[in-house]
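There are 2 protein chains.
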Amino acid sequence: MRVFGTHTETLLYLLCLGSVQAGKLLVIPADGSHWTGMKPLVEELGRRGNQVVVVIPEASLSMGPSEHTTTLTYPVPYTKAELQVGVSSSLVDLFSRDMSSDLDKFKSFFHTLEVLNMFMVKNVQSLLYNKDLMAKLKDMDFDAILTDPFEPLGAIMSEFLKVPAIYKQINHPCNIELLSSQCPSPPSYVPRPFTQFSDRMSFWQRSVNMVRALLQPAACRRIYTKADVIASQFFQREISMVEIMGRAAVWFMSSDFAVEFPQPLMPNLVMIGGMLHMKTNPLSQDLEEFVNGSGDHGFVVFTLGSMVSELPEAKAREFFEAFRQIPQRVLWRYTGVVPKDAPKNVKLMKWLPQNDLLAHPKAKAFITHGGTHGLYEGLCNGVPMVMIPLFGDQGDNVQRMVVRGVAESLNIFDITSEKLLGALRKVINDKSYKEKMMKLSAIHKDRPVEPLDLAVFWTEFVMRHKGAQHLRPAAHDLNWVQYHSLDVIGFLFLVLVTFICVMLKTCQFCFRRCCRSSNKKKKE
Amino acid sequence: MRVFGTHTETLLYLLCLGSVQAGKLLVIPADGSHWTGMKPLVEELGRRGNQVVVVIPEASLSMGPSEHTTTLTYPVPYTKAELQVGVSSSLVDLFSRDMSSDLDKFKSFFHTLEVLNMFMVKNVQSLLYNKDLMAKLKDMDFDAILTDPFEPLGAIMSEFLKVPAIYKQINHPCNIELLSSQCPSPPSYVPRPFTQFSDRMSFWQRSVNMVRALLQPAACRRIYTKADVIASQFFQREISMVEIMGRAAVWFMSSDFAVEFPQPLMPNLVMIGGMLHMKTNPLSQDLEEFVNGSGDHGFVVFTLGSMVSELPEAKAREFFEAFRQIPQRVLWRYTGVVPKDAPKNVKLMKWLPQNDLLAHPKAKAFITHGGTHGLYEGLCNGVPMVMIPLFGDQGDNVQRMVVRGVAESLNIFDITSEKLLGALRKVINDKSYKEKMMKLSAIHKDRPVEPLDLAVFWTEFVMRHKGAQHLRPAAHDLNWVQYHSLDVIGFLFLVLVTFICVMLKTCQFCFRRCCRSSNKKKKE
Chain V
9 MRVFGTHTET LLYLLCLGSV QAGKLLVIPA DGSHWTGMKP LVEELGRRGN QVVVVIPEAS
69 LSMGPSEHTT TLTYPVPYTK AELQVGVSSS LVDLFSRDMS SDLDKFKSFF HTLEVLNMFM
129 VKNVQSLLYN KDLMAKLKDM DFDAILTDPF EPLGAIMSEF LKVPAIYKQI NHPCNIELLS
189 SQCPSPPSYV PRPFTQFSDR MSFWQRSVNM VRALLQPAAC RRIYTKADVI ASQFFQREIS
249 MVEIMGRAAV WFMSSDFAVE FPQPLMPNLV MIGGMLHMKT NPLSQDLEEF VNGSGDHGFV
309 VFTLGSMVSE LPEAKAREFF EAFRQIPQRV LWRYTGVVPK DAPKNVKLMK WLPQNDLLAH
369 PKAKAFITHG GTHGLYEGLC NGVPMVMIPL FGDQGDNVQR MVVRGVAESL NIFDITSEKL
429 LGALRKVIND KSYKEKMMKL SAIHKDRPVE PLDLAVFWTE FVMRHKGAQH LRPAAHDLNW
489 VQYHSLDVIG FLFLVLVTFI CVMLKTCQFC FRRCCRSSNK KKKE
Chain Y
9 MRVFGTHTET LLYLLCLGSV QAGKLLVIPA DGSHWTGMKP LVEELGRRGN QVVVVIPEAS
69 LSMGPSEHTT TLTYPVPYTK AELQVGVSSS LVDLFSRDMS SDLDKFKSFF HTLEVLNMFM
129 VKNVQSLLYN KDLMAKLKDM DFDAILTDPF EPLGAIMSEF LKVPAIYKQI NHPCNIELLS
189 SQCPSPPSYV PRPFTQFSDR MSFWQRSVNM VRALLQPAAC RRIYTKADVI ASQFFQREIS
249 MVEIMGRAAV WFMSSDFAVE FPQPLMPNLV MIGGMLHMKT NPLSQDLEEF VNGSGDHGFV
309 VFTLGSMVSE LPEAKAREFF EAFRQIPQRV LWRYTGVVPK DAPKNVKLMK WLPQNDLLAH
369 PKAKAFITHG GTHGLYEGLC NGVPMVMIPL FGDQGDNVQR MVVRGVAESL NIFDITSEKL
429 LGALRKVIND KSYKEKMMKL SAIHKDRPVE PLDLAVFWTE FVMRHKGAQH LRPAAHDLNW
489 VQYHSLDVIG FLFLVLVTFI CVMLKTCQFC FRRCCRSSNK KKKE
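Keeping their order, the protein sequence lines are chains V and Y. This note's numbering puts the first sequence at residues 9 to 532. This note's numbering puts the second sequence at residues 9 to 532.
In case anyone wonders, no lab produced these hints; they're calculated from the structure. Nothing false has been slipped in among the hints.
Which residues of chain Y face chain V? A few of them, derived with a C-beta cut under 8 Å, are:
hint	residue
1	Ser-215
2	Leu-273
3	Leu-462
4	Pro-481
5	Val-496
Only pairs whose alpha carbons sit at most 30 Å apart, straight line, appear in this in silico BS3-like list of lysine-lysine:
hint	chain 1	residue 1	chain 2	residue 2
6	Y	Lys-442	V	Lys-170
7	Y	Lys-474	V	Lys-442
8	V	Lys-170	V	Lys-139
Covered by chain Y, according to a simulated footprint, are these stretches of chain V (three or more residues, beta-carbon under 8 Å):
hint	region
9	186-200
10	214-220
11	271-281
12	449-461
13	476-486
14	495-509
Note that the structure is predicted; figures quoted are calculated from it, not measured. Idealized CB from N, CA, C, for every residue including glycine.
All chains should be modelled from the sequences, with the hints used to inform the complete structure.
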């Protein structure tokens with residue numbers, strides 16, 4: 009078999025040209041699961057000899073030092089505890105309010121975004137006016153910046169330092185990557201975020217999708233309103249995040265066409281979905297014993313993501329009741345109240361090695377909220393899912409897996425032990441879920457380059473060539489009217505109308521001449 | 009450095025699943041340079057253990073047995089000599105007529121297409137009604153078919169055998185790959201074939217481009233008219249080539265964004281431009297001595313492609329005169345009349361090792377017609393070009409290199425020794441051409457996977473998974489009105505108008521009530 013390693017030859021060639029060297033990369037990540045998704049890439053870039061400097065606020069939920077990198081922190085006017093309280097309070101709404109309607113969910117998500125935005129705006133102000141650190145970063149003369157479009161600070165820093173920017177995004181709420189890269193995205197078959205539509209829409213769904221598509225640019229402006237104001241003040245000229253992100257060299261999209269519906273992509277949109285699928289480790293002895301305890305029935309893995317480890321007592325009871333009635337054992341990441349008569353087949357843990365568990369041959373089902381990382385771990389390991397979307401992009405993620413016949417979806421607001429039991433039995437006992445999941449998993453994993461390698465390659469490419477100008481479409485130089493050829497259509501329409509008028513007039517003239525001469529003849 | 013070879017792991021995984029095995033591939037290539045472009049891929053697929061069956065007509069210009077494959081031939085009602093005469097006669101027009109206008113060139117190209125089409129239609133009829141061979145091919149139970157959209161036979165065979173099709177195209181005259189894959193291609197910045205526009209167009213150019221874009225579907229139907237009739241007769245139902253090609257699993261595009269202007273691509277459009285850049289061999293002793301003969305001045309390589317090895321005597325004289333005045337030596341693939349006083353620095357050859365010569369450090373310039381293969385060889389080796397487009401896609405190819413400042417363009421119809429000399433001196437002595445070419449070459453060669461490996465990967469992917477259904481957009485299930493959301497726009501417009509009318513009526517009603525009551529009060 010031919011080894012897919014001729015990139016090495018290219019690198020050797022570039023080395024001869026003197027253009028390969030370790031690059032200098034500035035990383036400004038976003039907090040929470042966004043950092044989890046970026047960390048392996050950052051560490052791999054450092055491990056390969058690049059000088060990687062990660063700049064993070066002193067208070068953060070999950071960000072901290074990473075291997076093979078230098079971490080610099082800057083003071084912020086809030087503490088980690090305040091951040092935790094802010095985020096938790098915005099998530100409490102998830103279960104306390106009645107949010108069965110899509111509008112309520114949407115409102116709640118925007119409330120969460122507002123809360124996060126407040127902290128991110130504080131980050132922006134804290135770093136931009138931290139003269140010492142800014143001067144230090146300027147002196148470092150970076151080749152590129154790797155950042156997250158969720159965190160406006162990275163975009164502003166790329167503009168300030170005048171270095172090419174690489175954005176790594178996870179299902180951005182207003183599809184900023186499509187908007188900024190000028191990617192055509194026909195609303196007739198590309199569903200917009202939060203619609204939970206598939207790519208095959210009814211007339212009504214297409215109408216809703218069209219309205220959402222029309223509102224998207226406004227939504228993007230809304231999300232970045234405060235950041236736009238700060239950036240304009242800082243640069244002392246009118247500037248917007250959408251404009252700055254339009255200058256991106258490359259976008260990494262945390263998706264893959266095994267999950268995402270097929271759609272056109274611009275050349276600088278690179279799909280790296282499933283990047284986190286790391287090598288699995290064997291389970292600890294006690295876990296191994298536990299999962300083998302129910303023999304061929306196997307076991308179920310249950311987590312609701314890094315942000316949600318508790319449930320209201322009544323809701324939790326529904327889960328315990330359902331688990332009591334299945335022959336499988338259950339591993340549940342849960343720190344909430346435990347009923348006295350909790351079933352014996354359930355093991356509660358503060359943290360569980362999710363990927364290692366899902367890779368175990370006896371894993372029969374995965375109960376998940378449908379976060380991107382969990383989804384790809386389930387997909388990589390071919391485990392059918394029962395999905396309970398909580399907020400954000402999770403509803404769309406879940407829809408994509410349900411459409412492919414590899415998952416069942418439940419609503420957290422009206423979940424009962426019967427419903428959960430029904431869904432669990434379906435995905436475990438109906439063989440079609442496992443078969444379809446194995447096929448989808450094989451397609452997802454059958455790729456010419458591993459996602460992490462692809463992300464490393466493009467980051468280093470941007471550092472080597474000081475950008476990726478050859479991937480930048482001329483569409484960026486056109487205004488809205490020109491891009492959509494409205495001026496040309498108007499002109500061609502005018503030409504056509506003029507042509508038809510002239511033709512009609514000519515015919516009329518000829519006809520009259522003919523009539524006149526025939527009348528003359530008659531008279532003669 | 010991390011080795012980009014984890015594809016091996018995936019393959020091993022698939023091997024465990026039992027889904028990796030040598031595939032069975034049917035190849036139906038097109039003749040001439042199209043076969044030259046497909047042969048390395050076909051041979052590599054065979055070398056990797058796939059069962060590759062190449063089906064070609066008994067008479068052909070350049071097709072024949074290839075390594076590691078089985079070649080089957082079928083009788084056709086023409087001889088190789090007739091084919092050669094047909095093609096040559098269509099190319100004679102190139103120099104004999106006055107074809108300085110774009111329209112003349114376009115007409116001449118369509119004439120050439122018609123001639124080629126006549127032979128291709130004969131191929132279709134010869135194979136489709138060759139019962140023995142058709143039965144044999146049916147029995148072989150292929151996993152996929154690799155073919156060229158230029159040769160309608162391959163598309164019809166994919167429909168007949170019901171196997172997924174992979175098309176490898178080189179700048180198709182009606183952009184069939186974009187049309188068939190439903191790829192958005194905004195005419196405001198994506199120039200159409202034969203326009204020789206760049207991606208930055210004036211208003212007038214955008215208007216012309218828009219008209220060309222509107223005519224493209226009709227052009228595609230025109231090209232395949234005869235094939236459509238034969239296919240409809242064969243399948244006994246109305247069917248068209250565009251419809252069959254719309255079911256393609258994957259399209260290989262012989263281009264790269266180092267040459268092509270950036271534009272959106274569908275997920276099943278795979279760019280493999282530069283696939284032919286094979287390892288170079290050292291020159292033979294006499295060639296090495298010849299190219300070193302002019303010391304640091306270096307040498308010039310001159311070919312006009314596989315189809316044109318002669319020139320009218322007067323034209324040829326202009327070239328000899330120009331070459332006489334340069335300090336470089338010249339290697340020219342030429343079989344025409346040689347003047348008695350031909351300059352000593354010119355070596356004429358029937359065939360020359362183009363890639364090996366271009367890879368030589370003393371190669372200073374490349375005089376070429378701008379065919380795709382030659383263009384990528386020049387690009388890979390970083391040699392500035394003087395380009396003389398003759399027909400077909402060459403004008404567009406040349407434009408792309410000229411825009412990037414790595415080539416000068418000349419018109420064959422009014423070429424003189426002065427003009428040639430000026431262009432040659434410019435690309436050799438003005439260092440910017442070489443510098444820009446080296447940068448472009450580095451960008452072109454800096455890629456995560458070599459084009460040949462990428463083509464091999466996707467061909468085997470289609471064989472492994474019986475297609476690439478996950479890359480097929482839902483756009484294929486929409487009609488023209490639905491795709492462009494015209495029904496939705498109409499509906500939303502109606503809703504808006506109704507809303508405005510109701511609002512106006514309500515205001516009117518309220519206003520009247522108010523007026524009436526105030527009038528009443530006044531009267532009272």
